[in-house]
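Asks: What follows is the residue order along each chain.
6 protein chains.
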Amino acid sequence: MKTGVAVRKVRRAPAEAVQALSRFGVATIHEAMGRTGLLAPYMRPIYPGARVCGTAVTALGHPGDNWMLHVAAELLQAGDVVVFAMSSPDDHGFFGELLATSFRARGGLGLIIDAGVRDISELHAMKFPVWSKAVHAKGTIKATVGSVNLPVICAGASIHPGDVIVGDDDGVVVVPAASAAEVATASQAREDKEAATRKRLAAGELGLDIYDMRDKLAAAGLKYYDVDPEK
Amino acid sequence: MKTGVAVRKVRRAPAEAVQALSRFGVATIHEAMGRTGLLAPYMRPIYPGARVCGTAVTALGHPGDNWMLHVAAELLQAGDVVVFAMSSPDDHGFFGELLATSFRARGGLGLIIDAGVRDISELHAMKFPVWSKAVHAKGTIKATVGSVNLPVICAGASIHPGDVIVGDDDGVVVVPAASAAEVATASQAREDKEAATRKRLAAGELGLDIYDMRDKLAAAGLKYYDVDPEK
Amino acid sequence: MKTGVAVRKVRRAPAEAVQALSRFGVATIHEAMGRTGLLAPYMRPIYPGARVCGTAVTALGHPGDNWMLHVAAELLQAGDVVVFAMSSPDDHGFFGELLATSFRARGGLGLIIDAGVRDISELHAMKFPVWSKAVHAKGTIKATVGSVNLPVICAGASIHPGDVIVGDDDGVVVVPAASAAEVATASQAREDKEAATRKRLAAGELGLDIYDMRDKLAAAGLKYYDVDPEK
Amino acid sequence: MKTGVAVRKVRRAPAEAVQALSRFGVATIHEAMGRTGLLAPYMRPIYPGARVCGTAVTALGHPGDNWMLHVAAELLQAGDVVVFAMSSPDDHGFFGELLATSFRARGGLGLIIDAGVRDISELHAMKFPVWSKAVHAKGTIKATVGSVNLPVICAGASIHPGDVIVGDDDGVVVVPAASAAEVATASQAREDKEAATRKRLAAGELGLDIYDMRDKLAAAGLKYYDVDPEK
Amino acid sequence: MKTGVAVRKVRRAPAEAVQALSRFGVATIHEAMGRTGLLAPYMRPIYPGARVCGTAVTALGHPGDNWMLHVAAELLQAGDVVVFAMSSPDDHGFFGELLATSFRARGGLGLIIDAGVRDISELHAMKFPVWSKAVHAKGTIKATVGSVNLPVICAGASIHPGDVIVGDDDGVVVVPAASAAEVATASQAREDKEAATRKRLAAGELGLDIYDMRDKLAAAGLKYYDVDPEK
Amino acid sequence: MKTGVAVRKVRRAPAEAVQALSRFGVATIHEAMGRTGLLAPYMRPIYPGARVCGTAVTALGHPGDNWMLHVAAELLQAGDVVVFAMSSPDDHGFFGELLATSFRARGGLGLIIDAGVRDISELHAMKFPVWSKAVHAKGTIKATVGSVNLPVICAGASIHPGDVIVGDDDGVVVVPAASAAEVATASQAREDKEAATRKRLAAGELGLDIYDMRDKLAAAGLKYYDVDPEK
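Residue numbers (the numbering used here), protein chains in the order written: chain A, 989 to 1219; chain B, 989 to 1219; chain C, 989 to 1219; chain D, 989 to 1219; chain E, 989 to 1219; chain F, 989 to 1219.
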């Protein structure tokens, strides 16, 4: 957790890979990555239906101090999502509609913050998507420097600048920049397979048959009875 | 918590009683049962306005293992609600839109799960109601058998297969199959009484007078003052 | 926490000040008061977009006992918001649509309750705004007296009868009656200043420049690098 | 959750089985039962080293009301452990040293309570073991009847009167009366096996070899490298 | 929550009343005050057996800023207990053994802090009693002024400078300075009564008989059965 | 979070640096590192007075699966502390006295685990120190491979194999291997300075004077009054 550093140049994931990933949900991408990449489940969208896919500009801040969000505003590019990590757990309201206005004006797509936000009504009206640990109106100061665009740990996940961030109603997943294209391909493969399965399930077929589970269940010890055998 | 058993035949609550109960909210039914039957308040609907009333198909699963939901899909009938209990606390995302598609295709009305779910956007779009302890995209495996259609403890409540499950924005209540008709009648009586009270309250009458509380309050020690007596 | 007292006359904040405060959000008012007055962030609206501004009628109740809400219904006037504090932490469902009907019939605008509520669907349909610690269908009794219109501690904040209560999606703030006019003026000043800033931010200017932060950041030790200096 | 019933006669687990089980820890018994029987992990002893093994006298109480503990005191016998379940979550201080004095005078060995206790210093000094969800000095009333010696759900576990309750620093486990002898035998078998394993582990042998895990690990995909292959 | 004020002179509770209260536990005093005065149950002693009774020097601080504890050290007198309240929830480690050394050198008896502490081993070795919301090694800064010796809200309780603070394994209770003598007398009366009851309970008498509960239980609907009437 | 990899060779922090760090507490080291390195405060020792200082062997496991702890037992050396991170939050009891026996036989000093442990009494009796998120008797399986000796995120901190881990009653701190010597020196400097300060504080001098705070407090707006200026 080095502080005092702001890095200007970020090697972002390829634009086509980000574009490709934007078609998939968090659960699909997490599965396509071998069930990795999720942020902690306490990270919730501030309104239902929020959705984002972009490249990470990372920032590290201290409890009650949102100074680094202003530096992040300077260093972000069109298509970025700001990821704000904390040096210690805290729930202040670090972000509101003024900063959202600034982020959007410079091309920022959303915010992932391991702390609190405020101006929820206004952010919802702006459709500016935020995933946060808390909603809290408590204001912050600008006194201590953290960092921007160094690797951070946010909500239990390791995130590097330029990684792809996808958020939806299920939470947030991070895809390393280097594997973004590969994960997009794997996500598409998963969706294709699920589309076929969905059709069969919708027609009333059982997962037990589609996935060929009956023998495995029997081998694992499941027995069927007409009535509760202990009654 | 016996495992390895799947029971095919369930003595469900009478259809007319289920139909009758479907007209009442969770709070009303809980009151009509003498203030019993509620699941723990951490069970929340995944979208506002979710509502379900049906007969329970119960399942018991292990942390991170959703195998028994597939067996529940096989054993459910039209009008059932799946109740998924855990052998130990866990928040994985056990259920998503594919399983919802399967449940719905076979007549399942909803899910009560003492763990996590995912695909929230899709489930919301499908209007497939779920009450859960958590939202989490984390996937599950299929390795260990639990049970289906044995009695379970779900979110602190004892639930038998065939019991009536009612869920709304207030939470979830379970009505034993044998008392479903009686509880429906008591719920109607409560609603009838409340309708009369509502009219009087809406006209500006006070609960103090309608419920004849003034003497009781005085006897319990409440005194009125024009101003704070200690100032 | 004196009990057994119900006070009829409350010195409410001036109507013009309440009217003036109704134009501002919780975060703005909290800032205008020198970052004070917030209730604990666990107090959440029962539906998105809920909003209230009115004068406090305070009540103190005991766990599982909502009797004092009926006395509050008697003592409230048009424009009041009921603030219900607890003698000990509790999550019962103290309040539902019948009491909301009574409050509204007598001019009550909303409820702030450091406990649970129920009938969420009905309250949402009525657009009766409530901020609570919990949603729980569990019913309450009427057995022990508390107080009405004495000062209370609700969700960590000290609230006197007649204070101004403002609630929105960000939470709840209390403004002492005596400073309501002054806080409204300070809130307006803050909004005016923010409007100018918003315009500049929307045009792409940076907070770093608008707030003149660059020298301070450098003095505090922030250095810019083109690339991560440790790589 | 029937209320208004106090049952005098309980079919307790055989004394020899209880005696046999008293030699084992909670984790061992839980394993010997096929990993079932644990109460929720929030149930913690009020002092380190607390330990109990006895037969359950069950009670069901309402939030803030400890009346049924007095009825439990009447109905318990030497060797019993009182299990107190709640009709709704609550943290009041239901139990202190006076009730402990009463329980002990009548042969009670300890208390399992899904709520709060107080007089911790005194209970510790008396060495009266209690497992609880909370420590809270808040007092209770005696106004509403629950039940004694009906089956209850306590901290997520189903407990019948006469079942064996074992508590230690790891938590609490319940053994159905009918299987107490069998579980004691299985626990002894497990301990015997562990004693042999312990000796080998203490001599420096690896679990990998003792449990023959190396092939399985390789089959499951684990590969050894001298250094991190990605560096 | 006024800030920027440090008050030198405090009207402390009479020394004899403090002395008298020091003989009683938190639960007894809370009962003697009509079940009021408890701080929130999350306030726990940092070591078992911690105990304090003294007069409050109050301080209000901001998240992550322990400056006001140094001012409290200046303004405390022999026999005081420092009560540290927060302007917003926070868990930093505000206090350690250096400050404890300073407090003790000047006569301070202990600390009640609605935040975190550190140096737990050292404080335990010194037998310096602290009740806190958290244990956390995270350090604080000294940048923003709060207040000393104004009324505060600490862990949900209203505390004035000079009030009596009593802490033990059960938690913390505050006794208003003006009623300290009266509460000490009531506590003694309660202890005297309990001593008589304890003797009878220890001899095997039941609370049911001592408190004359049998008719009330029957009137409230409790019925005794030899066996479970539903079996 | 790569899985399927076990790395044999770890570049451990120099033995003298580890030895030097072993003289300091967690809070001191955290301060000497510029207030970084702490694991989340929910990581608590399983018995008071637990203390460890050693080099990290890292492992990553899946919920309910403790297989990698056996691989860690194989790869640890004398002086190591095992750090067990989770791929998703979980509270099972992953570790007990058998594994502790194995770790100790091979030179392991302790365990840091972002999950649950069991056999608390036995571990305490062995004086085998563990810091964990939970105590839970629930057993685990051995089915899925994770990793050993890759970098992990444990309780919110980034930990590399070979880093120095220090745990005490305040929690856990990680010191990167490369800076261990430097941090030990800085810790000693801090202790030396604190020793001088402690002497002055113990003699009754105030921090206000020792740290020269009076002018800064006045500049920040603190004013002294003999009595509360608002009374």
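If you are wondering where the hints come from, they were derived from the structure by calculation, not from laboratory data.
A few of these clues could be false.
Chain A stretches covered by chain C per the calculated footprint, using a threshold of three residues with CB under 8 Å from any CB of chain C [stated by the list, open to error]:
1) 993-999
2) 1054-1063
3) 1071-1077
4) 1206-1218
Quick caveat, the model's predicted, so the values are computed rather than measured.
The beta carbon of each residue, even a glycine, is placed where N, CA and C say it ideally should be.
Asks: Where does the structure disagree with the numbered hints, that is, which hint numbers, in rising order?
Replies: Violated: hints 3, 4.
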